[in-house]
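Chains as they are written, first to last, in our numbering: chain A, 1 to 335; chain B, 336 to 670; chain C, 671 to 992; chain D, 993 to 1314.
The set of hints was computed from the structure by calculation and includes no laboratory data.
Built from N, CA and C at the ideal position, the CB exists for glycine as well.
Wrong hints could be hidden among the right ones.
Stated by the list, open to error - Below, simulated DSS-like cross-link-like pairs (lysine-lysine); rule was C-alpha separation at most 27 Å, straight line:
1. Lys1194(D) - Lys1129(D)
2. Lys1131(D) - Lys51(A)
3. Lys872(C) - Lys1194(D)
4. Lys807(C) - Lys386(B)
5. Lys931(C) - Lys872(C)
6. Lys386(B) - Lys872(C)
7. Lys51(A) - Lys931(C)
8. Lys51(A) - Lys1129(D)
9. Lys1253(D) - Lys386(B)
Stated by the list, open to error - Derived list of chain B stretches under chain D, where covered just means 3 residues or more per stretch with a C-beta under 8 Å from a C-beta of chain D:
10. 508-520
11. 544-554
These are the residues of each chain, in order.
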Amino acid sequence: MTRVSAPTVQEVQTTFAEALCAAHEDAMRLDPSIVLLGQDIRAGFPFGATKGLVDEFGPDRVINTPISEAATMGCGVGAALAGIRPVVEVDFSGFLLLGLDQLVNNGAKLRYMSGDQVSIPLVVRVGQGPLGSFAAQHSQTQHAYLAAVPGLTVLAPATVQAAYDALRWALVHDDPVVVLEDMRLYRQQGTLVRGLAPDDITSTLHREGTSLSVVTYGHGVILALQAAKVLAAEGIEVEVLGLNSLAPLDVAGIASTARHTRRVLCLADDPPLFGVAATIAMVAGTEAHDVLRAPVLSLGSRPVPTPYAPDLERLVFPTVEGVVEAARRLHGWEE
Amino acid sequence: MTRVSAPTVQEVQTTFAEALCAAHEDAMRLDPSIVLLGQDIRAGFPFGATKGLVDEFGPDRVINTPISEAATMGCGVGAALAGIRPVVEVDFSGFLLLGLDQLVNNGAKLRYMSGDQVSIPLVVRVGQGPLGSFAAQHSQTQHAYLAAVPGLTVLAPATVQAAYDALRWALVHDDPVVVLEDMRLYRQQGTLVRGLAPDDITSTLHREGTSLSVVTYGHGVILALQAAKVLAAEGIEVEVLGLNSLAPLDVAGIASTARHTRRVLCLADDPPLFGVAATIAMVAGTEAHDVLRAPVLSLGSRPVPTPYAPDLERLVFPTVEGVVEAARRLHGWEE
Amino acid sequence: MTAQVQARVDPDTARDLYSRMAVIRRFERLAYRAYERGDVHGTVHVSIGQEAVAVGVIGAMGEADTVLSHHRGHGHALAKGVDPGQLMAELCGRVDGVSRGKGGSMHSTDVANGFLGTMAVVGSAVPLAVGVALANKVKGIDSVCVAFFGDGAVNQGVLYESLNLAALWSLPVVFVCENNSYAITTSADESTAGEGVVARAKAFGVQAESIDGQDVIAVEETAARLISGARAGRPALIEALTYRFMGHSRGDPPHGVYRTKAELSEWTQRDPLTLLVDAAGLDPATVEALDAEAAAVAEAALAFAVQSPVPAEDELMRGVRA
Amino acid sequence: MTAQVQARVDPDTARDLYSRMAVIRRFERLAYRAYERGDVHGTVHVSIGQEAVAVGVIGAMGEADTVLSHHRGHGHALAKGVDPGQLMAELCGRVDGVSRGKGGSMHSTDVANGFLGTMAVVGSAVPLAVGVALANKVKGIDSVCVAFFGDGAVNQGVLYESLNLAALWSLPVVFVCENNSYAITTSADESTAGEGVVARAKAFGVQAESIDGQDVIAVEETAARLISGARAGRPALIEALTYRFMGHSRGDPPHGVYRTKAELSEWTQRDPLTLLVDAAGLDPATVEALDAEAAAVAEAALAFAVQSPVPAEDELMRGVRA
Ligand SMILES: Cc1ncc(C[n+]2csc(CCOP(=O)(O)OP(=O)(O)O)c2C)c(N)n1
Ligand SMILES: Cc1ncc(C[n+]2csc(CCOP(=O)(O)OP(=O)(O)O)c2C)c(N)n1
Ligand SMILES: [Mg+2]
Ligand SMILES: [Mg+2]
């Protein structure tokens, strides 16, 4: 668990998508074996996370693929098996399903099945969550499923810096890493310090507090921090733990905040049943059972294919108001 | 929640696989719109769950497919959309990944996305778990992921009768149903009463007890019942709740057993983090927080691609001894 | 060829074809504008330039036949008889939308009109069409299913799995590839090796033809022939060569990034509406009248859409287990 | 043809080819017996009858070239130089297995010998080979990757996506389809529409040839030619017509259910080992000696395997995050 650090001099203001682009760039300069595979990635379509890279690194390293997700993922796994570092970009969550056989059956398992002879330094970047009226097939989350696959590392950055760090770390890691990018974050502004790949990706204590803990990841961190401001005005001091990695999971970090505040709200972007919140809740419950002053609460999305109409879609995913309300309930809980 | 009923006269002894075959047969006699799609299903290969059906129903209703899982699943979804009832058989869990786009993006979402105009009465039968040294790609579980997909119903029968009932119910249900068949159960013997499709699939209280509850599904029920016998000799009376359905989940049933025994062991076939146990634990923890006398414990598989060597594989999945040990720990827990 | 075409089409048919294409054209223009104004949400893919494919193929279909389509599907919906007002309401996320506002531009369904739906995952409607055709065969219903998709779908494996099933089982299904030369910014040449989808389909035992997708009469004639073959158990694939006159979706300029202005203007000279006017010798007054009618239909559609209520909260969990 | 073949092969080469096929034959027989005795677990797919494909294709490869394979992969592993003892130990789930007993019959890997692994999901090794070839190209290494698969994989969409990528990017990759006419109980005719995988591959821009997979010299000659083409950036597909002389896997009888005894015996008359003996004019004494040597290799492999320890408990979490 790292704490938010004090500002340094090399900071720039940028967006989440630009930070990803910068991470690609910095890593590719250092490691000529990195190649990017994806649809329209030379053009940087649609989110700009690869924009301009073809100009610096050329079309042999920034490779437009046909719309062939299964073979592209398999090609990524095979290229990694043969010792280069491919990044496979999948723009929307729904398309990842086409490549899952290759990712899960081959990518995640080859090291183990080979008796530790091979490594698969593959990075898969996937857009997650809603983007705003892109409807059900384009607005899904796959955090819980991917984090359940032995052999995969699953990152879920929440901030500009975390996005950069996640990708830089993934690009020096020797096993497959999936970077789950909440699409609502791509245009988010923040400060970025470019530099070295971090040693580790764990979790960030975004805010300290004593009243209760919100444990979350990705876009949830934004909601939690906004909610914390509202709640602070009411005297409720919220601690916000952001999980930059879901697999491995920072069990010690969850335990520590749970034991500290003794009230835990798990905030996720999928439905609580069989979603990320269930796992956070299990960990918090097991690790802090003896000190908890309230049941662990879980807040997630409604169990529904994401509707197109904005007026329905906004009912599906957690909101700041929803977090505030749940936090109040948790804070006021009397055994 | 149903209780195990007293024996009746029409009982026969049969296997889990034969019970599935009988369910296909009984349903197909009643509903001429049921067709089966799968590889080598005319031959009933490999588990016998469709053996001999082609003789009675002919090759137009029992259709051998090429090895084309994506198109076969899509074909199933399309056929269901057009008003017949296809059953798509997928022999091993690993192959399901090839059909997930069709199942999850189309099958599960079409009713909702169409504004409730269409229904997709598709049944997907998938082998799950280990079979014994079939190695990593053939020995996976997908319960948690599938149960997380809005629009899917996910069943996980544990007994011969439950297998029959699950499939009969699925074959009169109007939305997609995935029947997850633990491959270790196919040859299991048990009593079967053939008859009507049940009204509902929820959970079964396989054993009543006062010391603690094991909440589980599929093969876990077998383990739990065996463990319960061992534990009874030690004076520990285990209640065993078997979830025949994971989605919808019998939240009330879990709550009821948790509040009754006040000690809960969640037993699953996948790793606890991001697995089924996490969700059971969350539900039990939330619903019984005020009365629990110990943290909810979770027992699942080790987070590893299933190894081939029998001596390693047996370390991966829960065993009777493992359940007994966890139950003892839970029973002896002092706050 | 023009002469030949002209001989094949009587004035009534020509007016009818023109009118149906013109409605699509005006609908799409308004849809795009409605997107810019914020009435249509998310993204929008319009089919301006490709109207002859929708109108020609679907014009050759019977009432009992069905259509499946993809992200660029408004034209197919309209050609299949979906009410323009309900379609536009869908694009606007309103409760009178053909899918109650839950599907949007990428997922309109209208079962009553045999429009079974549009899938946004490239290529994924194709096996559904095979399944629909299988169901029709099992039920003994005389109905052909047509699946529309783009050149981008030509490298999705499921297309070939589907062609194989269709040929193997002699299913009443027709696959229509609208080759508009681009999948977003990627040209078909950059992404498709070999001789193209027609040669590929033939190798899978599916009869296949490549045609001029701007010539609505040629499209309809070919489609009629291949659809009747499909009805008799010979599945077929049509590759219609066409062009999208606009960018891929909202925000994407029609030229300048991945295709040139010259290429665009070469193709806009092959506008399916004007080609038909020339081929059929429709007089300017008729054309003007038909255009005005089409514009009125589109305007009425948008007016209907924007007055329709947004879905109430209790719509959220309708059609799904809570 | 025999005369022609004979002219192409000198006695040393013939002995070498025979010996390599004989080792596979004996290895497979013992593997099957070991399964029956309980030393090999789960299931086992042997390649008896198909030895000429493995030996012919891999004989034409260079040391730096690599192989990927599928569930029926023992022959490919042995032909690529994997130690028979380590391979048998893998089948027996022992720690001296080439993959430390973790992969088993369906997942042996031996990177040192360029044997990159076998995938049990039908068709799924194919795109990996494309990726390996891409990596070789990126790294500027002169190395061709060969992917073996069966006729059952011919209807997996990912094969066509992969052919397309290989052709598009001019990759050094060769796809080898061992068409033994059956995928478990399903015949290739029942499952594959159109003219077959060669015609299909050509339509994707990949050069392709169908050859007699029982004639090891013909296989090697064709493979040599196509592999050298692939090295120069022209990916290729070889369809080798062959037959499995045994059932699909343990328990499946060689004939009686989905294929006839007559068909089986027609094919066993085209045993690749005897065909080579005839074609090369190997004398009986030589053959006997080579058979004896092969049998000894296989016996030694099994002896090595069964004396190897089973993996200790601490092997379980090695190579994966706990
Ligand atoms: C499987 C999948 N991959 C990627 C996308 C993103 N995407 C949306 S439309 C499109 C291009 C489709 O091109 P084409 O099929 O030619 O249709 P067109 O847009 O030209 O009508 C892409 C790549 C998608 N929707 N589905
Ligand atoms: C994707 C997938 N579907 C189904 C299976 C089950 N299965 C194992 S081998 C096999 C037949 C393969 O036939 P073929 O490719 O011709 O190889 P052969 O066994 O004849 O060597 C099948 C269907 C599988 N392993 N993978
Ligand atoms: Mg296109
Ligand atoms: Mg075969």
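Would you list, in rising numerical order, the hints stated earlier that this structure does not obey? 5, 6, 10 and 11
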